[in-house]
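Take these sequences, add in the hints, and give me the full structure.
Counting along the sequence shown from 1, when you hit position 211 you're at 211 in our numbering, and nothing is skipped either side.
Hints were generated in silico from the structure; no laboratory data involved.
For every residue, glycine included, the Cβ atom is placed at its ideal position computed from N, Cα and C.
Be careful, since some hints might not be right.
In silico DSS-like pairs for lysine-lysine, Cα to Cα no more than 27 Å straight-line [what the hints assert, rightly or not]: (1) 221 <-> 125; (2) 69 <-> 85; (3) 228 <-> 181; (4) 86 <-> 48; (5) 54 <-> 85; (6) 36 <-> 85; (7) 125 <-> 228; (8) 221 <-> 117; (9) 49 <-> 14; (10) 221 <-> 186; (11) 85 <-> 14; (12) 69 <-> 48; (13) 54 <-> 14; (14) 48 <-> 97; (15) 186 <-> 228.
Just the calculated beta-carbon pair ranges, DEER-fashion [to be verified]: (16) 250 <-> 42: 42 to 50 Å; (17) 215 <-> 44: 49 to 57 Å; (18) 123 <-> 31: 22 to 30 Å; (19) 211 <-> 29: 53 to 61 Å; (20) 194 <-> 164: 16 to 24 Å; (21) 230 <-> 37: 45 to 53 Å; (22) 232 <-> 57: 32 to 40 Å; (23) 57 <-> 210: 30 to 38 Å; (24) 99 <-> 202: 30 to 38 Å.
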Amino acid sequence: MNFKQTDLTFFTCKEDRYDGVTIEGDIEHTVVEFEKALDALFQTLQNKKLLWIKLPIERADLIATLTCKEFVFHHCNERDITLVKKLIEDPVIPTAKNHTLGVGVVVFHENDLLVIKDRIWQTYKLPGGFIDDGENISQAVVREVFEETGVEVEFESVVSLGHFSPAQFGESNLYVISLAKPISTKIDIKDEQEILEARWMNIDEYLNREDVLPYNKAIVKNAFLNEKGLHVCTDTELILKQNIQYELFF
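Have a look at this one:
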């Protein structure tokens, strides 16, 4: 049976690169109908390794049925959850989302450094935050600095990379430190619920303050001494896949 586009009464299924099958499309039938259709589908999958299904939050009532059929959670977001069932012993399963991705931004203006103080840490640190879904690193740099300080910047390069585990929610955190050039200098905090203060601070003062974490001092020293970093590559011929959003740094 060809699963590349197979309609089994209730389910439309599609093959994937891991020799698995993904149930696609809306699920509109009752829990009883769903369970019967699922059992029928199992009988056609003898040569497959995995069965995937993505449930929208509106069909959370089907989770108990799926877990009773030995499906396990794989990954989720605010509006849906993806479950997978092993059809053979020890199949290759792609790694689920296991880290958060954040940016910190070094912005120099003459002999000053752009710094913030937020409500959580209440110490002077670099502007930055988590990268939104579908957002490039350079876009997150510009957005985070503007939201936290009101300063408009232009992304220049990646100057440092940090990896921390465990971090938020017990996951790893990948922290990308970037260098950005200020287009404006006026402080005008947009995110007043999070940010207590934003200011330009003399670099030497920042490096000598006792209330600045050593890691942040090391980042600033490195960025100040080595401003080259990794720049965005605009050669689109390097990527063969077309329908993806990407940035390359060299």
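Against the structure, the hints come out as follows:
1. For the hint linking residue 221 to residue 125, the alpha-carbon distance of about 14 Å falls within 27 Å, and the restraint holds.
2. Restraint check for residue 69 and residue 85: satisfied, since their Cα atoms lie roughly 8 Å apart, inside the 27 Å limit.
3. Restraint check: the Cα-Cα separation between residue 228 and residue 181 comes to about 13 Å, which is no more than 27 Å; the hinted pair holds.
4. Taking the CA atoms of residue 86 and residue 48, the gap is about 9 Å. The hint holds against a cut of 27 Å.
5. Annotation: proposed proximity of residue 54 to residue 85 holds, straight-line Cα distance about 12 Å (limit 27 Å).
6. For a cut-off of 27 Å, the pair hint linking residue 36 to residue 85 stands: about 16 Å separates their Cα positions.
7. Restraint check: the Cα-Cα separation between residue 125 and residue 228 comes to about 22 Å, which is no more than 27 Å; the hinted pair holds.
8. Proximity of residue 221 to residue 117 is assessed by CA-CA distance (about 19 Å); at most 27 Å being required, the pair is judged to hold.
9. Only pairs whose Cα atoms come within 27 Å are accepted, and residue 49 paired with residue 14 is accepted, the gap being roughly 13 Å.
10. About 24 Å separates the Cα atoms of residue 221 and residue 186, which keeps this hinted pair within 27 Å; it holds.
11. The straight-line distance between the Cα atoms of residue 85 and residue 14 is roughly 15 Å, inside the 27 Å bound, and the hint therefore holds.
12. Restraint check for residue 69 and residue 48: satisfied, since their Cα atoms lie roughly 16 Å apart, inside the 27 Å limit.
13. Proposed proximity of residue 54 and residue 14 is supported: the alpha carbons are some 13 Å apart, at most 27 Å.
14. Our distance criterion of 27 Å between C-alpha atoms is met by residue 48 and residue 97, whose separation comes to about 24 Å.
15. Between the alpha carbons of residue 186 and residue 228 the distance comes to roughly 26 Å, so the proposed pair stays at or under 27 Å and holds.
16. For the pair residue 250 and residue 42, the supplied restraint of 42 to 50 Å holds, since their beta-carbon distance comes to about 48 Å.
17. Roughly 54 Å separates the CB atoms of residue 215 and residue 44, a value that falls within the hinted 49 to 57 Å.
18. Restraint check, residue 123 to residue 31: a C-beta distance of roughly 52 Å breaks the suggested window 22 to 30 Å.
19. A C-beta distance of roughly 60 Å is found between residue 211 and residue 29, which places it inside the suggested range of 53 to 61 Å.
20. Restraint check, residue 194 to residue 164: a C-beta distance of roughly 20 Å satisfies the suggested window 16 to 24 Å.
21. At roughly 50 Å, the beta carbons of residue 230 and residue 37 sit within the given window of 45 to 53 Å.
22. At roughly 36 Å, the beta-carbon separation of residue 232 and residue 57 lies within the given 32 to 40 Å, and the hint holds.
23. With their beta carbons about 47 Å apart, residue 57 and residue 210 fall outside the hinted range of 30 to 38 Å.
24. Between residue 99 and residue 202, the C-beta spacing of about 35 Å keeps the proposed range 30 to 38 Å intact.
Comparing the model with each numbered hint stated earlier shows that hints 18, 23 do not hold.
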